[in-house]
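Asks: Next come the chains, spelled out residue by residue.
2 protein chains.
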Amino acid sequence: MKRIAVDAMGGDRAPQAIVEGVNQALAAFSDIDIQLYGDEAKIKPLLKSMDRVSIIHTEEKIESNDEPVKAIRRKKNASMVLATKAVKTGEADAVISAGNTGALLAAGVFVVGRLKQIDRPGLLSTLPTMDGKGFDMMDLGANAENTAHHLHQYAILGSFYAQYVRGIACPRVALLNNGTEESKGTPVHKEAYELLSQDKSIHFIGNVEARELLNGVADVVVTDGFTGNAVLKTIEGTAKSVLNQLTSAIKNGSLLAKIGGLLLKPTLKSALGALDYKKAGGAVLLGLKAPVIKAHGSSDAAAIYYTIRQTRMMIEAGIVQKSVERFSHEEETSD
Amino acid sequence: MKRIAVDAMGGDRAPQAIVEGVNQALAAFSDIDIQLYGDEAKIKPLLKSMDRVSIIHTEEKIESNDEPVKAIRRKKNASMVLATKAVKTGEADAVISAGNTGALLAAGVFVVGRLKQIDRPGLLSTLPTMDGKGFDMMDLGANAENTAHHLHQYAILGSFYAQYVRGIACPRVALLNNGTEESKGTPVHKEAYELLSQDKSIHFIGNVEARELLNGVADVVVTDGFTGNAVLKTIEGTAKSVLNQLTSAIKNGSLLAKIGGLLLKPTLKSALGALDYKKAGGAVLLGLKAPVIKAHGSSDAAAIYYTIRQTRMMIEAGIVQKSVERFSHEEETSD
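As you go down the protein sequences, you meet chains A and B in turn. Residue 1 is where the first sequence starts when you use UniProt numbering, and the numbers rise one by one after that. Residue 1 is where the second sequence starts when you use UniProt numbering, and the numbers rise one by one after that.
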């Protein structure tokens, strides 16, 4: 049985969307056991069945505007903190929250703890590509600065994720840079390029530029947390702006434009399905002793369902154990 | 008379598109004088009139895949190098090229020369916002790394550009960061935030996130060259991918979808006009002794016309002289 701790109170639509997603996941997967952390009076009426699910009652919760580190230190009984502790104490195999990102990252590092060999855990998400296959990018902002050594570790962790969770046999790993030539970027990028080239355990294909990301040029894209965060937010912002522009043009357009919009609607909807992040699940903090997954703050029930499905895959694949083995091997062979 | 040196041989559609753009600009503006550098036999037949235009013949040119610094050193008679030298020697007031970006940046720094008070010239472009007003972002990749002091200089230079070239009375200057709080980002961002807050000569409005850029949250957005380059390319790549996705969905869709697409076409075209970079002109390398403007490599005649219009504005506004005055004042008052 895969035991997943879920913060029922985190996210814009909690606990409703969280519990509905849990209902769907329990029905779909017979090998999961869910621990719901939060207000029992609110959670219980939303649960469809009490089979393989338990509620750990707490009234405290972390708000989206709480200062992350302070919040996890002071709100010791917050649903997110208790859910994270369940992983630390071995009561759960992984934890999911749609709440305050910074607080979850802090709880991941300070409560769950990082793997001894990993210097800086990083945030990975599967982002959409036009062919619908997607790519994994890491770090998306767990850190503001990274060394070449960190980037090398992200390449290995990201490659593991793409292989074992997304089922890509030999993931193409690329370094995000300001040009494709080997000599491009800052000293950190040049050093990272060297490290990645020399590592025979990954399939490094060189530098990629941000312009090409959505074209599926790589399965895993490695970058520092500051750039990764900026690129992720730019993709989200640009896609949203372009689509808003089109939608409002149709709404405010002529009668013919409105008819055109109606005729096109099903086509556009399916075309934009490729851009839907939801099915890939949440963002994963990799490099910890157990999977810690951040569902999007605006997650609906379906997004929570997909995040549980993803988490289940990570537990099944034993991705943490594989990382431990890989990096302990690294220690023996390097230098 | 405003004298503009134009590299007639740079860009994917040179010399045709370049010379046609020059024809349009000469007809529109009676106060410009154009010096065209390149192959006279190819240029002359394309010119509509020889009034206020001269051709400086050269057969050498820099290719798009030439190594930038080597190219400008070895190809001493390349059209781009000669056009840049005309600015250095005072024969022209500004230079435009649609050729090799790296080579033009190198020619800007090594041939035209940087202003004594500016440590690292940076690349500025006006990018589109959904309201059609646009914003200026700098540095877009002239540098791979920048200090807080550089970012402060970009804030001042960008503010000048927005004010004098785009006519914005009191430009809102923002720092691109991974969150809006003052404490966000790397040590460089924190220090830049301090410097920008203390400078009363600019209207600093704080940090902005990449997600908000296209919503017109600021008139000038300051960032280091690596992040700026990544964000610019992400905007371009994402907008292109979303639009390609829609276009191919219509093309490959049902008959109804195709009819819908036809009915919508004029509406979509005008809606996407806001996303058209072309009218804002080229990217400007600011911090040099004269305006050096990089037109997009794929520029058509209209893009070249708009770039000449922009260059004329920069000369008219005396933006370089204003920068010199501002920074010499800085030296007197600081420390």
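It is possible that part of the hints are untrue.
Which copy is meant is left open, so a pair is good if it fits within one copy or across any two.
Said to hold, decoys possible - Taking lysine-lysine pairs in the BS3-like style, the calculated list, with each CA pair at most 27 Å apart, reads:
1) K279 to K240
2) K184 to K75
3) K70 to K251
4) K190 to K70
5) K42 to K190
6) K269 to K184
7) K116 to K76
8) K322 to K251
9) K76 to K44
10) K44 to K133
11) K75 to K44
12) K322 to K258
13) K184 to K76
Derived from the structure by calculation, the hints contain no laboratory data.
Asks: Give a verdict on every hint.
Replies: Comparing the hints with the structure gives:
{"no.": "1", "hint": "K279 to K240", "in the structure": "both (18 Å within a copy, 23 Å between copies)"}
{"no.": "2", "hint": "K184 to K75", "in the structure": "between (45 Å within a copy, 23 Å between copies)"}
{"no.": "3", "hint": "K70 to K251", "in the structure": "neither (46 Å within a copy, 54 Å between copies)"}
{"no.": "4", "hint": "K190 to K70", "in the structure": "between (37 Å within a copy, 20 Å between copies)"}
{"no.": "5", "hint": "K42 to K190", "in the structure": "neither (53 Å within a copy, 42 Å between copies)"}
{"no.": "6", "hint": "K269 to K184", "in the structure": "neither (39 Å within a copy, 37 Å between copies)"}
{"no.": "7", "hint": "K116 to K76", "in the structure": "within (25 Å within a copy, 56 Å between copies)"}
{"no.": "8", "hint": "K322 to K251", "in the structure": "neither (52 Å within a copy, 45 Å between copies)"}
{"no.": "9", "hint": "K76 to K44", "in the structure": "within (23 Å within a copy, 78 Å between copies)"}
{"no.": "10", "hint": "K44 to K133", "in the structure": "neither (37 Å within a copy, 51 Å between copies)"}
{"no.": "11", "hint": "K75 to K44", "in the structure": "within (23 Å within a copy, 76 Å between copies)"}
{"no.": "12", "hint": "K322 to K258", "in the structure": "neither (54 Å within a copy, 50 Å between copies)"}
{"no.": "13", "hint": "K184 to K76", "in the structure": "between (46 Å within a copy, 25 Å between copies)"}
Taken one by one, the earlier hints fail for this structure at numbers 3, 5, 6, 8, 10 and 12, listed in ascending order.
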